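Colleague: Chains A and B, in that order, are what the protein sequence lines are. Residue numbering for the first sequence follows our numbering, beginning at 233 and increasing consecutively. Residue numbering for the second sequence follows our numbering, beginning at 47 and increasing consecutively.
Hints were generated in silico from the structure; no laboratory data involved. Don't take each hint at face value.
[Stated by the list, open to error] Simulated coverage check for chain A against chain B, where a stretch passes if three residues somewhere in it have a Cβ under 8 Å from a Cβ of chain B:
1. 361 to 373
2. 383 to 391
[To be verified] Derived contacts from chain B toward chain A, CB cut-off under 10 Å, selection only:
3. Phe201
4. Val292
5. Ala337
6. Leu362
7. Thr370
8. Gln521
9. Leu525
10. Glu529
11. Ile560
Small disclaimer: the values here were computed from a predicted structure and weren't measured. From the three backbone atoms N, C-alpha and C, an ideal C-beta is built for every residue, glycine too.
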Amino acid sequence: MTTDNHSKEIAPLSDPGIPEHVHRRTDTDPKAAKKAERQVAILFSISAIGTILFVYSYTFMSGDIFVFLPVMGSTNAKQLFLGLGMAISLFFIGLGAVHWAKMLMPDNEIIAHRHEFRSEESDREDFVKTVKAGAEAAGLGRRSLIKRSLGAALGLVGLTPLLLLRDLGPLPKDDFTKTSWKAGTRLVTDPGNRPIKPSDLEVGAVAQVLPELQPGELRKLENIGKDAVLLIRIRPEEFQLDAERLSWTHEGIIAFSKICSHMGCAVALYEQQTKHLLCPCHQSTFDVTRAAKVIFGPSARPLPQLALMIDADGYLVAKQPFTEPVGPSFWERDSA
Amino acid sequence: MSAKERAAGSVANYVDERTGAAKWMKKNLTKVFPDHWSFMLGEVALYSFIILLLSGTFLTFWFDPSMKEVEYEGNYGPLSGLKMSAAYASTLHISFDIRGGLLMRQIHHWAALLFMVAIVTHLLRVFFTGAFRKPREFNWLLGIGLLTLGIVEGFLGYSLPDDLLSGTGIRIAEAIIQAIPVVGSYLAYFVFGGPFPGEVFIPRIYTVHILLLPGIFLALITVHLMLVWYQKHTQYPGPGRTEKNVVGYPLMPIYMAKAGGFFFIVFGFTAFLGAVASINPIWLFGPYTPAQITAGSQPDWYMGWLDGLVRMAPPLETHAFGHTISWNILIPGLIIPGILFTGMALYPFIESWMTGDKREHHLLDRPRNVPTRTAIGVMSLTFMIVTLLNGGNDIIATHFGLTINQIMWFSRIGVLVLPPIAYIVTKRICLSLQRADRELVLHGKETGRLVMLPHGEFIEVHEELSPEKKWTLTQHEQLPQLEIAQENQSGVRNPKGLRAKLQQRASRAHQEQIEKPSAKDLLELGDGHH
Numbered sequence: 233m234t235t236d237n238h239s240k241e242i243a244p245l246s247d248p249g250i251p252e253h254v255h256r257r258t259d260t261d262p263k264a265a266k267k268a269e270r271q272v273a274i275l276f277s278i279s280a281i282g283t284i285l286f287v288y289s290y291t292f293m294s295g296d297i298f299v300f301l302p303v304m305g306s307t308n309a310k311q312l313f314l315g316l317g318m319a320i321s322l323f324f325i326g327l328g329a330v331h332w333a334k335m336l337m338p339d340n341e342i343i344a345h346r347h348e349f350r351s352e353e354s355d356r357e358d359f360v361k362t363v364k365a366g367a368e369a370a371g372l373g374r375r376s377l378i379k380r381s382l383g384a385a386l387g388l389v390g391l392t393p394l395l396l397l398r399d400l401g402p403l404p405k406d407d408f409t410k411t412s413w414k415a416g417t418r419l420v421t422d423p424g425n426r427p428i429k430p431s432d433l434e435v436g437a438v439a440q441v442l443p444e445l446q447p448g449e450l451r452k453l454e455n456i457g458k459d460a461v462l463l464i465r466i467r468p469e470e471f472q473l474d475a476e477r478l479s480w481t482h483e484g485i486i487a488f489s490k491i492c493s494h495m496g497c498a499v500a501l502y503e504q505q506t507k508h509l510l511c512p513c514h515q516s517t518f519d520v521t522r523a524a525k526v527i528f529g530p531s532a533r534p535l536p537q538l539a540l541m542i543d544a545d546g547y548l549v550a551k552q553p554f555t556e557p558v559g560p561s562f563w564e565r566d567s568a
Numbered sequence: 047m048s049a050k051e052r053a054a055g056s057v058a059n060y061v062d063e064r065t066g067a068a069k070w071m072k073k074n075l076t077k078v079f080p081d082h083w084s085f086m087l088g089e090v091a092l093y094s095f096i097i098l099l100l101s102g103t104f105l106t107f108w109f110d111p112s113m114k115e116v117e118y119e120g121n122y123g124p125l126s127g128l129k130m131s132a133a134y135a136s137t138l139h140i141s142f143d144i145r146g147g148l149l150m151r152q153i154h155h156w157a158a159l160l161f162m163v164a165i166v167t168h169l170l171r172v173f174f175t176g177a178f179r180k181p182r183e184f185n186w187l188l189g190i191g192l193l194t195l196g197i198v199e200g201f202l203g204y205s206l207p208d209d210l211l212s213g214t215g216i217r218i219a220e221a222i223i224q225a226i227p228v229v230g231s232y233l234a235y236f237v238f239g240g241p242f243p244g245e246v247f248i249p250r251i252y253t254v255h256i257l258l259l260p261g262i263f264l265a266l267i268t269v270h271l272m273l274v275w276y277q278k279h280t281q282y283p284g285p286g287r288t289e290k291n292v293v294g295y296p297l298m299p300i301y302m303a304k305a306g307g308f309f310f311i312v313f314g315f316t317a318f319l320g321a322v323a324s325i326n327p328i329w330l331f332g333p334y335t336p337a338q339i340t341a342g343s344q345p346d347w348y349m350g351w352l353d354g355l356v357r358m359a360p361p362l363e364t365h366a367f368g369h370t371i372s373w374n375i376l377i378p379g380l381i382i383p384g385i386l387f388t389g390m391a392l393y394p395f396i397e398s399w400m401t402g403d404k405r406e407h408h409l410l411d412r413p414r415n416v417p418t419r420t421a422i423g424v425m426s427l428t429f430m431i432v433t434l435l436n437g438g439n440d441i442i443a444t445h446f447g448l449t450i451n452q453i454m455w456f457s458r459i460g461v462l463v464l465p466p467i468a469y470i471v472t473k474r475i476c477l478s479l480q481r482a483d484r485e486l487v488l489h490g491k492e493t494g495r496l497v498m499l500p501h502g503e504f505i506e507v508h509e510e511l512s513p514e515k516k517w518t519l520t521q522h523e524q525l526p527q528l529e530i531a532q533e534n535q536s537g538v539r540n541p542k543g544l545r546a547k548l549q550q551r552a553s554r555a556h557q558e559q560i561e562k563p564s565a566k567d568l569l570e571l572g573d574g575h576h
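The shape of chain A in the complex, shown without the other chains (with noise of 0.2 Å):
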C-alpha cells in the first residue's frame, strides 16, 4: 500500500466490492431442493385446509356456541373458528410464496445502476424555450387585459362552491347560549320523565335530571347536550358557597350542567367522599360544594349551575335559566 504518511487527507479504506455468492444446500444438493419443494407444496396445502376449515364454519356451525380463550375470555365460537380458517388460508399461502422464493429461486444479488435525475442541460434549455414559445404564442406577456380578466374569472368562480356550502347548516345565532331550563321549569328522572321531589335523594345521592316535557314534545339529543343536569345532595353545612349561589340550592340540593366545561363530555363520575364531580374524558374535576369549582385538570371554567326552588306541588324546578351557557367555550361567549 502506498500512502502518504504527510498526507493531511484522509483516506478512506477501500470498497471490498460484493461479497462472493455463497450458494445454498438446495442450489447444490437436489435432494435439498426436493426436499424444500415438499415443505412449499405442505404450506400451500395447509392453506387449503384452512379454506375448508372456515367453509365449514360458515355452512355448518351453529352461531350461538361459546368457546373459552385464554386471556380473551369467551368467544364465539363460529367467529373463532371462520376467523381462524381465513387466517390459516392466508397465511400459508404467503409463507409457502416467501419459503419457495428463498430457498428455490435464484439468491444472486444483481447489480443496477442509477442515474442521475437532472435533465441534460441542453434538454433543460429547450423546455424553457418550449414553456416562453408556449407563453409567447398565447401572448400572455402582451394581452394583459385577457390575464386580468381570467384571473378575476376564476378567483369568482371560486366562490361558488363556497356558496354552495353555505346551507351545510344554519347559522348559530345565540344557540350557544341558550338551553330548555326556564324559570319554573321541573327537573324530571332521565329515563322516566318523572318530577322529583327533594325527599327522593337522599344525602350523598347523585341523579341526572332534564327539564320536563311538554305534552307532545319529543326529546332530541341536541337538547340533551344542554340541558343534563346533574343534582346532588349533601349536607347543607358541607357548602362553602357565596349567600346568592347558596340561595341557589335548596336543603342541600346543588345542580349543575352535566356537560362539560372543557369539551362537553358528560361529567359522570362523582366521588361521594370527596364531593368531586371528574370528568372521563379529560380528568377536568370539580368541588362541588364550593360551586364546582375547578381544582384540577384542563377546564377553565366551573360547571355552570342550576338555580333550584321548590314549586307550590313540591317538586323541584328551575328558578331561572341558567345564567351563563353550558358547555364548551366558543369565540362568542360573553363571561368569565
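Put chain B on the given structure of chain A with help from the hints.
Modeller: Showing chain B alone in chain A's frame:
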C-alpha cells in the same frame, strides 16, 4: 412451442400491438430492489390499506349511515327494544346476524390500527436512515400527507358506529372546532348541520370516510409508489453498494413471490387478530347519548398523543371584549399538532440547510453516524411517548395503583424536560457508538481469549475485522462544518446576519462527530498491534 406458450404468446402479442408494453415490461420485470427487513414496514402499510379497502367494502353492504331513530329488534338480547340510530343498529346487525360480519368488522379495525403502526414505523425508518434526503423530499411530503389523512380517516371510521364511545370522540372534535377563534361556532354548525349532535354527521362523515379520503389515499399512494419505482429504492451501505448502483434481487421472480407472499402473511395475521382478539365491542358501550359516558374512554392509539396533550393542558382561557379564547383547547388541539406536523414536513429542507448538502443520496445512513438527526428524532419520539402515556393516564392509574394527578404532573413536567434530556443522551450515545466503531476497525474485535506473552504480560487477542465489515463501518462520509463568512474582508457584516449565524451554529452542532478511521490510521498502527 407448447400450446400454453402459444396461447400466452398470442395474448401478449395482442396487448403489445396496442400498447407497446413489452419494451417497458422487459426492463421493469427484472427491476432490482435491495433487501432489508425494515423495507417491509412500508409494505405492511400498503397491504393494510388493501385489506381496509376489501373489508370496508364488505361492511358497506349492510351498514346504514343514518341517524334516524329505530328500535332495536335484532339478535343481541341485552339491547332489545332500545331506541338507537340506524347506524348503530346496522352495526349490531353486521356483528350478530351476518355470518363473518363481526370478523370483517374486527379485521377492518385491526387493519386500521396496523395501517397506522406501519405508517409510523415506516416514517421512523425513513427518518433515522436519512432516506428523505434529496431526491426523495417529495415522497417524504407525500408520506406526511398520508400519515395525516390516516389519522383523520381512522378517527372518522371509528366514529361511524354511533356508539357511546365514538359519540364522545365526535363531541370532543366538535369542541375543538367550536374553539377556533372568530369562525368556530359557525364551522361547528356547518359541520354538524346545526346543534350537536344533530342528524347529519354520520351520513356526512360516511361519504368522507368511504369515498373522499380513500380516493385521495389511492392517488397519493400511487404517486408515492411510482416515485419509489422511478427513483429506485435506497439501500443500506455495505461492500459493493455505492451511490451509483442498486444491489439486490429482481422483481421477477423473487419479489413477486416475496412481496406477494408477504401480502398474504399480513392479511392472514390481521384475520388471526380479527378472529381471536375482540376490538371495539360496540354492543357493550350502548348507543350514543350526550348525557352519558363510560369511565376509561380511550381513543384509538394514533389519537392517544392528541388526547394526552389535551388532558395535560393547563386550564387557560382568555376572556376579553366579550370574547373567549380557549387556550386549553387551541394549544394542545391545534397549535402544537400544527407545529409538529409542519416541522416534520419541513425537516428534509431544514437538514439540508444545516449541512449545506445539496447532493443526491441513495445510500442510507446508520443512525449513529448522524448524531444530531438521530437525537432530534429521539427527542420528538420522547415527546410523543409522554403525551401518548398521558392519553392513557386513567388506565395507567387504575392498573398501577397511581393517582391521575401524579401521572398528569409527571406528564406536564416530563413533556418539557424529558425531550431535551433525550436529545443530549442520544447524541452522546451516537458519538460513543462512533467511538466504538473506530475502536473496532482499528483494533479488531475482542475475542475473550487471553494470552500470556513470554515475558509474563497478559494480553487479550483481538481479531481483525473482515474487509467487508471494515468498509461497512467506515464508508460513510463525514462532512466538514460549513464555513459561512460572518463578515467580508472589509469588515462589513454578512447581510444575512442572524440567519448566517444560526446556520453556522446548526452546522457546527450537526457535524459534531468522532473522526472515522482512515487507511492512514490503520497503516500507522502497523502490523502486529491487534
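Colleague: Each hint should be assessed against the structure and marked as holding or not.
Modeller: Outcome of the hint check:
1. Closer than 8 Å: that is the beta-carbon criterion, and the region 361 to 373 of chain A has 0 residues meeting it against chain B, so the requirement of 3 is violated.
2. Interface restraint, the region 383 to 391 of chain A with chain B: violated (0 residues with C-beta to C-beta distance below 8 Å; minimum three).
3. The interface hint given for Phe201 of chain B is broken, as the beta carbon of that residue sits about 15 Å from the closest beta carbon of chain A, more than 10 Å.
4. Checking Val292 of chain B against chain A: minimum C-beta separation of about 5 Å stays under 10 Å; hint holds.
5. The restraint placing Ala337 of chain B at the interface with chain A holds, with a minimum CB-CB distance near 4 Å, inside the 10 Å limit.
6. Evaluation of the Leu362 of chain B hint against chain A yields a held restraint, the C-beta minimum of about 6 Å falling below 10 Å.
7. A hinted interface residue such as Thr370 of chain B counts as satisfied when its beta carbon comes closer than 10 Å to some beta carbon of chain A; here the least separation is about 4 Å, so the hint holds.
8. Taking 10 Å as the C-beta cut-off, the interface hint given for Gln521 of chain B holds, the closest approach to chain A being about 7 Å.
9. Because the smallest distance between the Cβ of Leu525 of chain B and any Cβ of chain A comes to about 13 Å, over 10 Å, the interface hint for this residue is violated.
10. Annotation: interface hint on Glu529 of chain B violated; nearest CB of chain A at approximately 16 Å, more than 10 Å.
11. Among the interface hints, the one on Ile560 of chain B is violated; its C-beta lies about 13 Å from the nearest C-beta in chain A, farther than the 10 Å criterion.
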